[in-house]
Amino acid sequence: MSIAIINKSAPYGTSNALESLDLVLAASNYTQNVSLFFIGDGVFQLLSHQDSSQLDSKNINKTLNALHFYDVEDLYVCTDSLKQRNLSLEQLSLGVTALPPTEIAALLTQHQHVLSF
Amino acid sequence: MNLYKLKSSPFADSTVTSCLAMLTAEDAVVLTQDATYALQDKQCLTLLSSKTNHIFVIQADRLARGLIALEAIKDVTYEEMVELCVTYDRVISW
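In the order they appear, the protein sequences are chains E and V. Everything in the first sequence is counted per my numbering, starting at 19 for the first residue and increasing by one. Everything in the second sequence is counted per my numbering, starting at 153 for the first residue and increasing by one.
For the record, the hints were derived by calculation from the structure and aren't laboratory data. Be a bit skeptical, because a hint or two may be false.
A short list of chain V residues far from chain E (calculated; beta carbon distances all over 10 Å) [what the hints assert, rightly or not]: (1) Ala177; (2) Asp193; (3) Lys203; (4) Asn205; (5) Asp241; (6) Val243.
In silico lysine-lysine, DSSO-like type, Cα no more than 30 Å apart, as pairs [stated by the list, open to error]: (7) V:Lys226 to E:Lys101; (8) E:Lys76 to V:Lys159; (9) V:Lys203 to E:Lys76; (10) E:Lys26 to V:Lys226; (11) E:Lys26 to E:Lys101; (12) E:Lys101 to E:Lys76; (13) V:Lys203 to V:Lys226; (14) V:Lys194 to V:Lys159; (15) V:Lys194 to E:Lys101; (16) V:Lys226 to V:Lys159; (17) V:Lys203 to V:Lys159; (18) E:Lys80 to V:Lys203; (19) V:Lys194 to E:Lys80; (20) E:Lys101 to V:Lys203; (21) E:Lys80 to E:Lys101; (22) E:Lys26 to E:Lys76; (23) V:Lys226 to E:Lys80; (24) E:Lys76 to V:Lys226; (25) E:Lys26 to E:Lys80; (26) E:Lys26 to V:Lys194; (27) V:Lys194 to V:Lys226; (28) E:Lys101 to V:Lys159; (29) E:Lys26 to V:Lys159.
Cβ coordinates follow ideal geometry from the N, Cα and C atoms, glycine included.
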């Protein structure tokens, strides 16, 4: 069973980012084929140097870094979304593959289920 | 003199840009929560600064998101935010 999870929301403003991660980690217990896509404001979840101590919130970045312990390694980020937000790959903390939207769409067709947050 | 309090990302919806039409030079804007992502939106920042010099960002929100401070946009603590709210005639949660 293959699952694609699309992260479209910025972290901290809503709980979407954390809830998505909970789902990814849970899903990884049931199947090897979990892919994560970061699109739109979701790319902000990947920014390094997040210090959430004053917000009393879980640090999204630290949690994302735990992904590879769960064997979730297929991580993709949208090049258009990065460009619109003046971000470069170097500013991102995780090892992600940058793809244009057309290729992301193509990859999605290779998954049985697609969820988005 | 109004203090416009913004909380949504300029990339996610048009709330921030829709506020521009209302701004006068005496008004202030405080970027809170996801509106702090305006720090990554050069176009948005240029438009905002063309309207007013009084642009603030909640430091805790900026730090949490890993965003770099800009000179034109002053960091405020929660205490300073309270002072801003008291200084301005009204707070408009936009």
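A quick look at each hint next to the structure:
1. Ala177: 27 Å, holds
2. Asp193: 7 Å, violated
3. Lys203: 21 Å, holds
4. Asn205: Holds, since 22 Å exceeds 10 Å.
5. Asp241: Asp241 of chain V clear of chain E: closest Cβ-Cβ about 27 Å, beyond 10 Å.
6. Val243: The assertion about Val243 of chain V holds, with a minimum of 19 Å to chain E.
7. V:Lys226 to E:Lys101: 25 Å, holds
8. E:Lys76 to V:Lys159: 20 Å, holds
9. V:Lys203 to E:Lys76: The hint is violated at about 36 Å.
10. E:Lys26 to V:Lys226: Since the Cα atoms of Lys26 of chain E and Lys226 of chain V sit roughly 28 Å apart, the hinted pair holds (cutoff 30 Å).
11. E:Lys26 to E:Lys101: With a Cα-Cα distance of about 15 Å, the restraint between Lys26 of chain E and Lys101 of chain E holds, given a limit of 30 Å.
12. E:Lys101 to E:Lys76: 27 Å, holds
13. V:Lys203 to V:Lys226: Measuring from Cα to Cα gives roughly 16 Å; hence the hint holds.
14. V:Lys194 to V:Lys159: Distance of about 18 Å is within 30 Å: holds.
15. V:Lys194 to E:Lys101: Since the Cα atoms of Lys194 of chain V and Lys101 of chain E sit roughly 12 Å apart, the hinted pair holds (cutoff 30 Å).
16. V:Lys226 to V:Lys159: 16 Å, holds
17. V:Lys203 to V:Lys159: Satisfied, since the Cα-Cα distance of roughly 19 Å is no more than 30 Å.
18. E:Lys80 to V:Lys203: 38 Å, violated
19. V:Lys194 to E:Lys80: 28 Å, holds
20. E:Lys101 to V:Lys203: 26 Å, holds
21. E:Lys80 to E:Lys101: Holds, at about 24 Å.
22. E:Lys26 to E:Lys76: 18 Å, holds
23. V:Lys226 to E:Lys80: 28 Å, holds
24. E:Lys76 to V:Lys226: 25 Å, holds
25. E:Lys26 to E:Lys80: 19 Å, holds
26. E:Lys26 to V:Lys194: 21 Å, holds
27. V:Lys194 to V:Lys226: Since the Cα atoms of Lys194 of chain V and Lys226 of chain V sit roughly 16 Å apart, the hinted pair holds (cutoff 30 Å).
28. E:Lys101 to V:Lys159: Distance of about 22 Å is within 30 Å: holds.
29. E:Lys26 to V:Lys159: 17 Å, holds
Taken one by one, the earlier hints fail for this structure at numbers 2, 9 and 18, listed in ascending order.
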